[in-house]
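**Student:** Sequence:
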Amino acid sequence: MTAALRGGAGTAALALALSVWTAHGADVADSAVRESGVRAAERRAAVWDLSRGDWTRYEALMAGRRGAWSPDADPLLVLGAHARSESERRRFAEAFVLAEHARVEGELAFERAVQTAWRRLFPGRPRIAGPAGAVSPAQIDRYALVADRDCADCGRRVRARLESGVPVDVYVRGAADDADLRAWAAGQALDPGAVRAGRVTLNHGDGAPPVAAPAVWARTAGGGWAPVEALP
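Read in order, the letters of the sequence shown are residues 0 to 231 in numbering that gives the first Met the number 0.
I should point out that these hints are in silico values taken from the structure, not numbers from a laboratory. Be aware that a few hints might be false.
[What the hints assert, rightly or not] Pair ranges (Cβ atoms, derived):
{"#": "1", "residue 1": "195", "residue 2": "111", "range": "33 to 39 Å"}
{"#": "2", "residue 1": "64", "residue 2": "195", "range": "15 to 21 Å"}
{"#": "3", "residue 1": "197", "residue 2": "59", "range": "28 to 34 Å"}
A virtual CB, placed ideally from N, CA and C, is assigned to each residue, including glycine.
Kindly produce the complete structure, drawing on both the sequences and the hints.
**Tutor:** In structure tokens, the structure reads:
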């Protein structure tokens with residue numbers, strides 16, 4: 000009887016020890032996951048020169064309506080648009096301008112390098128094709144409509160190009176933000192289904208081909224841009 004009691008007590012003690020060890024292991028694992036998540040958030044915040052608190056607020060905002068309105072909005076735009084004071088708005092505006100300046104300068108420098116490489120690798124061959132209308136429809140990969148924010152007739156032009164079955168990238172110069180782009184598209188009666196399907200993309204004007212607006216250009220299968228139509 001005594002031996003049996005001892006055996007039972009030993010088994011109970013072993014079970015208790017295993018239970019404590021399992022709980023400890025789970026706590027360690029949870030702690031490691033939390034720590035890994037914190038480090039990942041800190042790395043993402045550092046990319047935008049933001050503090051951990053800034054990033055936490057950005058994530059909270061994107062978990063709400065802002066994330067539904069503009070799921071691809073960058074942290075500086077989101078934090079600036081939802082600033083809680085003038086000083087905070089000014090801080091994010093300055094950070095946004097510095098980031099945009101660095102981006103544009105880098106892209107312009109790369110474009111100059113591309114032009115130099117093109118002249119070296121393909122001397123005498125233009126990157127942009129000849130006169131308007133010279134491109135065969137069979138060569139067109141997609142259209143680009145470059146327009147100012149106050150364009151009154153661009154929606155009809157987009158719909159006309161979509162009838163050919165070729166996607167249209169719309170570049171709107173002067174749109175304040177993503178919400179303004181969507182408002183412009185709604186005012187032009189663009190089909191939301193075509194936007195969702197990727198047959199029409201809405202873009203800010205700083206990514207447009209370097210041409211006078213308004214105009215329709217075509218991207219050929221070779222990657223060059225050719226003028227198609229100068230809008231009145």
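**Student:** Does each hint hold? Answer for all of them.
**Tutor:** Hint-by-hint comparison with the structure:
Judged by the Cβ atoms, the range 33 to 39 Å given for residue 195 and residue 111 holds: they are separated by roughly 36 Å. One distance hint, 15 to 21 Å for the beta-carbon pair residue 64 and residue 195, holds here, with the actual separation near 19 Å. The hinted range of 28 to 34 Å is satisfied by residue 197 and residue 59, whose Cβ atoms lie roughly 30 Å apart.
Checked against the numbered hints listed earlier, the structure breaks none of them; every hint is satisfied.
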